[in-house]
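*Asks:* Here is what each chain is made of, one letter per residue.
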Amino acid sequence: MTPAIEVRAVEKRYGSFTALDGVSLSVAQGEFFALLGPNGAGKTTLISALAGLVRINAGSLAVMGHDVGSDYRAARRALGIVPQEIVFDPFFSVRETLRFQAGYFGIRRDRALDDWIDHLLQKLALTDKADANMRQLSGGMKRRVLVAQALVHKPPVIVLDEPTAGVDVELRQTLWSFVRELNAEGHTILLTTHYLEEAQQLCTRIAMLKQGRIVAMDTTDHLLNAFSERVLRVKLAAELPAGLAELRIKQSGAWHHFAIHAYQDVEDLLARLRQGGAEITNLEVTEPDLEEVFVKVMNK
Amino acid sequence: MNMGFQTLLRKEVLRFWKVAFQTVAAPVLTAILYLLIFAHVMSGSTAAFPGVTYQQFLIPGLAMMTMLQNAFANTSSSLIQSKITGNILFILLPPLTHWDYYGAYLIAAIIRALMVGLGVFLVGLAMAHVPIHSVTAILLFALIGSAMLAALGIIAGLWADKFDQMAAFQNFLIMPATFLSGVFYSIQSLPPFWQAVSHLNPFFYLIDGFRYGFFGKSDVAIEISLAVTTFSFLCLSWVTLSLLKSGYKLRQ
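Protein chains in written order, with the working numbering: chain A, 1 to 300; chain B, 1 to 252.
Treat the hints with caution; some may be incorrect.
What the hints assert, rightly or not - Lysine-lysine pairs mimicking BS3-like chemistry, simulated, CA-CA at most 25 angstroms apart:
| id | chain 1 | residue 1 | chain 2 | residue 2 |
| --- | --- | --- | --- | --- |
| 1 | B | Lys-18 | A | Lys-129 |
| 2 | B | Lys-249 | B | Lys-162 |
| 3 | A | Lys-142 | B | Lys-245 |
| 4 | B | Lys-18 | A | Lys-142 |
| 5 | A | Lys-142 | A | Lys-210 |
| 6 | B | Lys-217 | B | Lys-83 |
| 7 | A | Lys-250 | A | Lys-300 |
| 8 | A | Lys-300 | A | Lys-210 |
| 9 | A | Lys-129 | A | Lys-210 |
It is worth saying that the hints were derived from the structure and are not from the lab.
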């Protein structure tokens, strides 16, 4: 099957600064893919190159098999982008904004379009703001209009560039629930975010960018297993019994951390602590998390 | 006609129409004030053409000058505002071609210019009788003039990165060129040197050709005015289309 997004050896330079240094990746149709990296890693440059906003110095990019340079019209029709910055046209209402955006993509204004716009507004909790001028909306609402604008032409590939920055928890849940629905319907999602727990929960595959290069790319599960681990944390009333110190991976105050690979390990460790006479005052098991993976990968 | 172009055109027309007091009514009022003041101050002066009063002479020139300034303002302000606020993104992401951008911006500016020009002419008619010699010449020069300045506005809008640069373009190039194009006087009244300088100003040919449509009289032959203005328009269009196609200051 044609990949939804195909990036091959892409290079982008601004003078002496290299923003993208031979980036290659492929996102399959229907995938929920995360592109992570610190500020300035090249995430937005890569997205801009996909959208045709940035001209690359070398390599190639394609959306649903359409080259973004030579077949830009088909590539852009297949792509819906939610930009990082909140931008809006102060002359128009929410509904007008969406109608114009659909028209730019060649969609005629008719009943079907209005129904789709109503559906988007309802899904994004904007129905009561349909006829409000864009200037009257809060930052979070404007961001949701940007999401609706990206979806109004029903693109098979949706790129979300930090879509939840500045959005409150409830609206964030609304947005993710809708994006999950879209993904379940077959839309490919490419997400960049600094909220790593969101990427961990939503994405099946992750690429990490650092200084314009991909430094890690794998399924979320593989990355978590390779760079992070499940940890048993126990708080003891006194010192750790002798013979267990070599199993400990970290200590912070009265808390002692032990790596566990299976839940059977928890039972074994607790048994050894009891046998050693330790009094446990608190305990918890923490799951592998992407933040740890991210820090380790970036510091490699 | 493709849907993307139609939508962008509709958006550009609505953009100025939603603030019509500022974009249509205000320029008409300004032109009328010029007409009242200059017609009063110059009431005793010699007519530019035999049988044409100064007030009559002034009306077509003012209408054309207002059209030119508003055609330029429409495209340039739309682009610079979109670039600075960032909403230019909305038209850069869709599959629009450079012809779509060019056509939509140009036609919207022409519509605004014609509305403003018609407004000045109609109010002027209430103050003085203005004959009509050739409707074709009037429409032709109105269209070429508006299109020329609309194209120039696109170039300025693409080039300028801030409002200050745009104001410099408008105040140091467009305003002097339109004011010194024979709106308020016939260039026959100028010394030979300034007459020669005026002939280097393409706006002069627009005003002169447009005025010919009313009085059947002009400072230079109508064919020359038509040739100079058409050539200028084609050159500006070529530059505009090249800039749009290359993504100049739009796509990095």
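*Asks:* Work down the list of hints and note, for each, if the structure agrees.
*Replies:* Hint-by-hint comparison with the structure:
Our distance criterion of 25 angstroms between C-alpha atoms is met by Lys-18(B) and Lys-129(A), whose separation comes to about 20 angstroms. Distance hint between Lys-249(B) and Lys-162(B) is fulfilled; the C-alpha atoms sit about 12 angstroms from each other, no more than 25 angstroms. Proposed proximity of Lys-142(A) and Lys-245(B) is contradicted: the alpha carbons are some 31 angstroms apart, above 25 angstroms. Using a Cα cut-off of 25 angstroms, the hinted pair Lys-18(B) and Lys-142(A) holds, with the two alpha carbons roughly 21 angstroms apart.
For the suggested pair Lys-142(A) and Lys-210(A), the alpha carbons sit about 30 angstroms apart, so the restraint of at most 25 angstroms is broken. Restraint check: the Cα-Cα separation between Lys-217(B) and Lys-83(B) comes to about 44 angstroms, which exceeds 25 angstroms; the hinted pair is violated. Simply put, Lys-250(A) and Lys-300(A) have alpha-carbon atoms about 20 angstroms apart, close enough for the 25 angstroms limit, and the pair holds. With a C-alpha separation of about 11 angstroms, the suggested pair Lys-300(A) and Lys-210(A) falls inside the 25 angstroms cut-off, and the hint holds.
In summary, the hint linking Lys-129(A) to Lys-210(A) is not supported, as the alpha carbons are separated by about 40 angstroms, beyond the 25 angstroms threshold.
Of the hints listed earlier, those the structure fails to meet are numbers 3, 5, 6, 9, in rising order.
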